[in-house]
Amino acid sequence: MGMMPNTVEKLLESALVAELVVLKANGEPVVHPLIPLWDGERVYMTSSVLFSKKLERIKRNPRVSFSITDPVAVGGLMARCTIQGDARIIEDDIHTSWERVLQLWRAKEPGIDFFLGKRVALPLFFERSMIEITPRRVLWWEDGDTSKPPQVRELQEVAA
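In this note's numbering, each residue carries its 1-based index in the sequence shown increased by 49.
Derived from the structure by calculation, the hints contain no laboratory data. Note that beta-carbon positions come from the ideal geometry of N, C-alpha and C, so glycine has one too. Warning: the hint list may mix true and false statements.
[Said to hold, decoys possible] Cross-link-like lysine-lysine pairs, in silico, BS3-like; alpha carbons within 27 Å at most: (1) Lys59 with Lys102; (2) Lys102 with Lys197; (3) Lys73 with Lys108; (4) Lys73 with Lys102; (5) Lys197 with Lys59.
[Stated by the list, open to error] So the derived label-pair ranges between C-beta atoms look like this: (6) Leu65 with Glu176: 19 to 27 Å; (7) Pro82 with Glu176: 36 to 44 Å; (8) Met52 with Glu176: 18 to 26 Å; (9) Glu62 with Asp135: 35 to 43 Å.
Could you build all of it, start to finish, from the sequences and the hints given here?
As structure tokens, this is what we get:
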């Protein structure tokens, strides 16, 4: 796998929200704001399994993209990025599989511990699948000016 640009690594490590784009069956894009959790190789996002159309859509078409564009959500960093990749749903145990990314989640959102303390009272919230995204291509704007062409890096061969 090619190396992620340093600027994008910083965005991934600090972002509290990314805009995940999945496709409806008719090809229409749908955007979902989710917390991106970066482990240095792949991006993870979690989703409640209850009535989740995004999970169904990813299973049907695993090609996704997500953008990090909100300077407030990245601690004031001005850079922007879009990452294109292939997603897979991890749902072997909807009660505990997501705990594999709990340390990454906790680092971004320490408030998760409050909700973990209420786990029995909020059982449906903690029935979660993980979305694992393997980045294939990244586009980024160092200064955040998206009126200019982005820098582009191919990270892996894009699947046909």
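Exercise. Does the structure break any of the earlier hints, and which numbers would those be?
Worked result: When the structure is compared with the hints, numbers 1, 2, 7, 8, 9 turn out to be violated.
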